[in-house]
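Asker: The listed protein sequences correspond, in order, to chains U and E.
Numbering of the first sequence is given in this note's numbering, commencing with residue 1 and proceeding in unit increments.
Numbering of the second sequence is given in this note's numbering, commencing with residue 115 and proceeding in unit increments.
There may be inaccurate statements among the hints.
[As the list claims (entries may be wrong)] In silico DSSO-like cross-links for lysine-lysine, where the CA-CA straight-line distance does not exceed 27 Å:
| hint | chain 1 | residue 1 | chain 2 | residue 2 |
| --- | --- | --- | --- | --- |
| 1 | U | K71 | U | K19 |
| 2 | E | K170 | U | K71 |
| 3 | U | K22 | U | K71 |
| 4 | U | K52 | U | K9 |
| 5 | U | K41 | U | K19 |
| 6 | U | K36 | U | K67 |
| 7 | U | K71 | U | K40 |
| 8 | E | K184 | U | K9 |
| 9 | U | K22 | U | K52 |
| 10 | U | K71 | U | K9 |
| 11 | E | K212 | U | K9 |
| 12 | U | K40 | U | K22 |
| 13 | U | K52 | E | K170 |
| 14 | E | K182 | U | K67 |
| 15 | E | K184 | E | K170 |
| 16 | U | K52 | U | K19 |
| 17 | U | K36 | E | K182 |
| 18 | E | K184 | U | K40 |
| 19 | U | K36 | U | K71 |
| 20 | E | K212 | U | K41 |
| 21 | E | K170 | E | K181 |
| 22 | U | K71 | E | K212 |
| 23 | U | K19 | U | K9 |
| 24 | U | K9 | U | K41 |
| 25 | U | K22 | U | K67 |
| 26 | E | K212 | E | K184 |
| 27 | E | K212 | U | K40 |
| 28 | U | K40 | U | K19 |
| 29 | U | K40 | U | K52 |
| 30 | U | K44 | E | K181 |
| 31 | U | K22 | E | K212 |
| 32 | U | K9 | U | K22 |
| 33 | E | K212 | U | K44 |
| 34 | E | K184 | U | K41 |
Bear in mind the hints are in silico, worked out from the structure with no lab data behind them.
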Amino acid sequence: DTAVSQTPKYLVTQMGNDKSIKCEQNLGHDTMYWYKQDSKKFLKIMFSYNNKELIINETVPNRFSPKSPDKAHLNLHINSLELGDSAVYFCASSQGSQSQSPLHFGNGTRLTVT
Amino acid sequence: GEDVEQSLFLSVREGDSSVINCTYTDSSSTYLYWYKQEPGAGLQLLTYIFSNMDMKQDQRLTVLLNKKDKHLSLRIADTQTGDSAIYFCAATYSSASKIIFGSGTRLSIRP
């Protein structure tokens, strides 16, 4: 009955590999996001999708590609992983645009690139 | 620019009140939020306030908003060990339709 769930919880991989993180929400929200939290706990938005359409794309390397097959799912694929990609990645959802309703977060995926 | 600032650390004695402060830059922010993050977990929404309000109280939590100074605070009454966490302030930036988070304040409780 988890509202926003993301898998895997932990991901350890080597530089140069390609990996994906999946996210699903059962709240009926129409907007989903990916945030990156670095080792100092700074939280920065990466992408936002509303009804499967990309609405926010911050300055993120092209190696990161979000995909939203439907409004309940937002996956994040990362190509050619680098050491600096190590972080905790949070998926979130909200109803409507961000300026109208709070975000509901998943528990995060801790990515470690070695 | 888009900015939300808060102090990084706060230490309080168990049973005292904790006050976490936050400042933001966008005067058109419509909603301001407080999130709590416990170790190894995601961010949990604690409370939020609409910009036309000055205060909101929810059990042990009191949010004060000074819109003129763009200052937001979260007061936790009777702080308990279970309140140990990182508290994030966040503000909506309507011009870009997104929420900007502060750096988080790590609250530690001493006996």
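Asker: When the structure is checked against the list of hints, which entries are broken? Sort them ascending.
Answerer: 2, 7, 8, 13, 14, 17 and 29
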